[in-house]
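Novice: Residue numbers (the numbering used here), protein chains in the order written: chain H, 1 to 204; chain A, 1001 to 1327; chain B, 2001 to 2737.
To be clear, the hints were calculated from the coordinates, so they are not data collected in a lab. Incorrect hints may have been included.
As the list claims (entries may be wrong) - Below are the PhoX-like pairs computed for lysine-lysine, each with C-alpha atoms no more than 25 Å apart in a straight line:
| no. | chain 1 | residue 1 | chain 2 | residue 2 |
| --- | --- | --- | --- | --- |
| 1 | B | 2186 | A | 1306 |
| 2 | A | 1056 | H | 62 |
| 3 | A | 1056 | H | 121 |
| 4 | H | 52 | A | 1010 |
| 5 | H | 58 | A | 1203 |
| 6 | A | 1306 | H | 52 |
To be verified - These stretches of chain A come out as covered by chain B in the derived footprint (C-beta under 8 Å, 3 or more residues):
| no. | region |
| --- | --- |
| 7 | 1119 to 1126 |
| 8 | 1145 to 1159 |
| 9 | 1234 to 1240 |
| 10 | 1312 to 1323 |
From the three backbone atoms N, C-alpha and C, an ideal C-beta is built for every residue, glycine too.
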Amino acid sequence: MEEKKRKGVSRRDFLKGIGGGAVGTAIISTGLLDSQKAEAYPTEAIGAARGKSAIGLKVNGKAYRLEVEHRQTLAEVLRDELGLTGTRIGCDRGECGACTVIVGGRNIYSCSQLAVWMNGKEILTVEGLAKGDKLDPLQEAFIEHDGPQCGFCTSGQIMSGKALLMRNAAPTEAQVRRALSGNLCRCGNYNREVASVLAAAKAR
Amino acid sequence: MKNFENIDVKSVQEAVGLLRKFQNEKKSAAVVGGGSEYLQLMKVRVATPDYLLNLKTIPGLSYIKEEGGGLRIGALTTLVEVEEHKGVKEKLLFLSEAAGEAASPQIRNAGTIAGNLCQRPFCWYFRSPDFNCLRKGGQVCFTVAGDSRYHAILGAGPSYIVHPSDLAPALVALNAQIKIAGPAGEKTIPLEKFFVLPQVDYKHENILKPDEIVTEIQVPLPKAGSKGFYHKVRERLAWDHAIVSVATVVESSGGAVRNARVVLGGVAPIPWRAPKAEEFLRAKKLDDATAQKAAEIALEGAQPLKDNVYKIGLAKSLIERALLASA
Amino acid sequence: MATNEFSVVGKRIPRIDGYERVTGQAQYTGDVQLPGMLYARVLRSPHPHAKIVGIDSSKAEKLPGVRAVIHSFNTQIPWGSGGLTQKRMIFNNPVRFVGDAVAAVAATDRYVAEDALGLIEVKYEKLPHVLDAAQALKPEAPKIYPKGNLSVGEGRVSAPIKDEWGDLEKGFKEADKVFEDTYISKHVNNAQMERRVSVAKWDAGKLTAWASTQGISNARADIARDLGLPLSKVRVVCKYMGGGFGNKNQAQDYDLMTAALAKATAQPVKLEFTREDDFIGMHGRWASEQHYKVGVKSDGTITAVDFSAVTNMGAYRKQSGDLSGCDFYNIPNFRKVVSPTHTNTVVAANYRAPAYPQSVFGFASMLDQIAFELGVNPYDMFMRNRARLSKGKMAFSSNALEECIVEGAKRIGWNEKWHKPGAAPGPNKHGIGMALGGYPFRLGLGAATIRVNPDGTAHVLVGVVDIGTGAKSTMAIIASEALGIPLGQIQLTSGDTDVTPYSIGESSSRTTSFTGTAVIAAAEDVRKQIFAAAAPELKAKAEDLDLKDGIVFVKADPAQKVPLNRVMRRVEPEIIGRATTNPKWPEGVDGKAFAAHFCEVEVDAFTGHVRITRYVAAHDSGTIINRLPAESQVKGGVTQGIGMALTEELLIDRPTASPINPNYRDAKVPTHLEVPEVEVIFIERPDPYGPFGGKVVGEPPITPSVATVANAIFNATGRRFKELPITPDKILRAVRV
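Excised from the complex, chain H in its bound form:
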């Protein structure tokens, strides 16, 4: 592995420093802590391997063949390559749920799956819910019950709601809350999102 030299100490030096000896942690000076801070942005090596593959995806019923870089996530490929920007990226860390899509009947974070892992999979995104001009009842309910405030989390909330309703047509409020609990809404519109899913379930 190529070493990225950091100011003062490289990662290899750290490793050497450890050796087989005991590591003292009882007394630590701030100076040592500071010298241990990673000073440069952590690029170990740019890496010779630049994985690329041709993959096949079925998104909202439509088949796609495309070449992806291995480090591209499903969310990035949906948005950047297929133009399906309804799938939002809020954190890119699997912590907010804005990128939620449905794969194999289950809602997942598309930011936390590599596109290459999705080869041959069927994916449902928010763009695939409406049938032509006819909105999915869940989308209707989100409009009617003021589901979106800023709207950035809305696609994800809807997809988690959809995944729930696909398995459970008549969920309780507690079940809805739990099913949506992987989707943050900083506008704090949780009451509305839950009400929308419950209303959609009733509308069926």
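Chain H is fixed; fit chains A and B onto it per the hints.
Specialist: Coordinates of chains A and B only, in the frame set by chain H:
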């Protein structure tokens, strides 16, 4: 993310062979199941493998089978499958609950049981690229002088991470076994022996060698008259890892404890069994006094850091609650 | 006008852009894709305070795919809205906090840009640093600015911030008892779902900036000023905006970096913050240490308040740093001294009702505690001291705070549920709490253009950005009401400085009153022209005509009527109405929206977990223009307050000065499972100055929510928590089963 090459692995043998090969060639490689957890480390470049072995493409590793008085769970079985499985719910409700307490629905839908057991710590110093901590090859565990509110009170030093898994305490309480495949074939060991304390190895959370992978979890069903219990305390009811969690399996007969297993999560670098407390409980009647005493014993030797003293009382309370619920 | 006379105002109307928001078609800034677009990333300082001695970006520049690297040695662009009391650049030297921007890279894809960050070699010379605001004010503290760490103001902001009325000494003399205490609030991030992103493109010297901004007009003015361009050469577009809550008000450094990179590369550039960037690179709410001295009569009546505080503004002062939690009470004698202070930490600035929730927490906790010590029911304490006069003398333009308290208490069942604090034995402790809040209501500059098409439909042009409040819908509803044209026949265009008129910016809950007033005036202008055109056909004078539901009719004889589309045939080709309004706020009167919040909690004394079981929010926001999103605003504000009360805090590692939880996982934004149904009550007393009697809705709901939860925890446990957030560890330390 650093550039790397993803390899869709087709068999356990291929995975082990590739891991061996990369090790010999001194190339860095990592395996992923659900991927949700490891990918985050790669995104912030805390993990920078050259090769990523995607195990999800191995057929036949996702199953829950009821066999010979126990369950066999394939390594790639997702957490939601463990949670929702009829047999698990009927026979080991608290294991289903533990699976259902992990992270968030989306992560439970993607994450696998093996991944849950092998996940890296969620210590903020470890997860941040800004801290070259002990576990990442640095010289210090930043927790000691830093913010230790979520860190270990038992079995720690020189690293103070806590094991983040919800399933691990429940499975250790059930005396589960873990099957590991390596170049020399497969071996099955008690799950309890799978995890490793930092005094032994402060860079890893388990004994898995660079050319080994987990293939199966075996869960014996507890004897008749047993009660299992899992309780997790956290600040937010989704996403958060346990501040403290407890899993207990108590086998009683005639109003007295025959056998008890008490395992804590969120307090130590491994799922923390309390053998002395278990021993104390043997043949005792479970009441406030014995539960309290067992909790005291379980936390003997706890060495909190400056911000996590509260975990001692919390762990005791949880053990008491769990034991009384098992009475 | 009473609410029931309106045809669309005051109803529950789904947002006009609901379809776009639920189908994924809404285009946010990050969705903008341009041919040949580059991706950019920002490199940040790992040191809290350091001089940059040199930057070597040659290795980064050689990386295939990298198109430009900018930093303080090759790019000097001021960031006007980044600092009010100091000249702040987009790249500063010295760097003053961990996270201060050092360089930015544009490359062919985001991963190459990220790779390149690691190849930039920066040589730092460390300087001494200080993290605590109180420490920073000591004479021996390292000076972040030559004048010292008190953020001494020039022009728009001052330090310390002072306010005073009445006679403090007299007030304390009249008091039967005097109480003193200190309350602490922490830095919490706005944590809006949409990460910061900016797209820039240059065409023949004109910059188009797709910004994620709460104010396109301000953003354009800022960018033009900072880049030295005429306003005509800057176009700012923001069609949909994924939240900001005060941290996307103007043009920010990343907008300027993006423009600079696009210029340097002669290609369009999209700069994206990572979530970590977002938590540390912009700003959150200022932390505070608040000291109160309160004089009261033995029945709880306040006679005097002496309030001093230090607020931690981080390394730069973007906004006031003020604390105004005493605003909702009748205080005859008052003094306030707030000292906004610099430290080497993440910048603090506006977050929803910037000066309020943290100090409402402090002051309402203080009053709740005094009530306890006097043996007074908190309800009586708050009712007795509720604001009736502003600053001890001024009347409010409208004030339904009393009704908010009465109705909210009735709804939650205060009388039946309140008990002596901490009385409940056992592990599950029930508690109930309340607090008062609100937000200033003002009038100001607004502009709108309305075009009536030949077929009688109308087009409303306003410069607002809908940040999630439903502002676009509100403007369309106001236009529909004021014009007399059905809502379905109104099209609204917003968010593009090349097309839409000025807007002050969608912050400080000003949109409805500022721009709404202009929409009404523009509608009046349109109606005059319509009536003039219709008068001949209806054989009536223009001033005797009215327009409702798209029908022009004679007021005295509504049977004499003509549809608008027929009137429009007489007009070639369209009617354009315009208005720029800037109503002056009347002298000697104060304007405020008010709120009284109530909640019930269950505290698990075993685990330290707090569950909010019920929440009632009663609001006086004047007339409610659209009930559906207005209720959502209240629910949202309460939710953010719950996070601030129970879990949220940006943590700085003390030994290294680095933030350790700049992510949703560890910053602990509330989830679906933390928030109960929030019951919303609107007490609608039309305000004489607001459009259709409306005041402000967006900011008030967060203001009392933190204190409400804290006071309920006190009622449950008998323990007063004086430092936020009230996490299980703190509860476990204080509470016994």
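Novice: Next step is simple, just say for each hint if it's right about the structure.
Specialist: The hints, checked one at a time:
For a cut-off of 25 Å, the pair hint linking residue 2186 of chain B to residue 1306 of chain A stands: about 20 Å separates their Cα positions. The straight-line distance between the Cα atoms of residue 1056 of chain A and residue 62 of chain H is roughly 24 Å, inside the 25 Å bound, and the hint therefore holds. Only pairs whose Cα atoms come within 25 Å are accepted, and residue 1056 of chain A paired with residue 121 of chain H is accepted, the gap being roughly 12 Å. For the proposed pair residue 52 of chain H and residue 1010 of chain A, the alpha carbon gap of about 18 Å is at most 25 Å, so the pair holds.
The suggested pairing of residue 58 of chain H with residue 1203 of chain A is violated, with an alpha-carbon distance near 41 Å, which exceeds 25 Å. At roughly 48 Å between alpha-carbon atoms, residue 1306 of chain A and residue 52 of chain H are farther apart than 25 Å, so this suggested pair is violated. Residues of the region 1119 to 1126 of chain A with a Cβ under 8 Å from some Cβ of chain B number 3, which satisfies the need for three, so the listed coverage holds. For the region 1145 to 1159 of chain A, the stated coverage by chain B is satisfied: 4 residues place a CB nearer than 8 Å to a CB of that chain, which reaches the threshold of 3.
For the region 1234 to 1240 of chain A, the proposed coverage by chain B is satisfied: 6 residues have a C-beta within less than 8 Å of a C-beta in that chain, meeting the threshold of three. Chain B is given as covering the region 1312 to 1323 of chain A, and this holds because 5 residues of the stretch bring a CB closer than 8 Å to a CB of that chain, at least three being needed.
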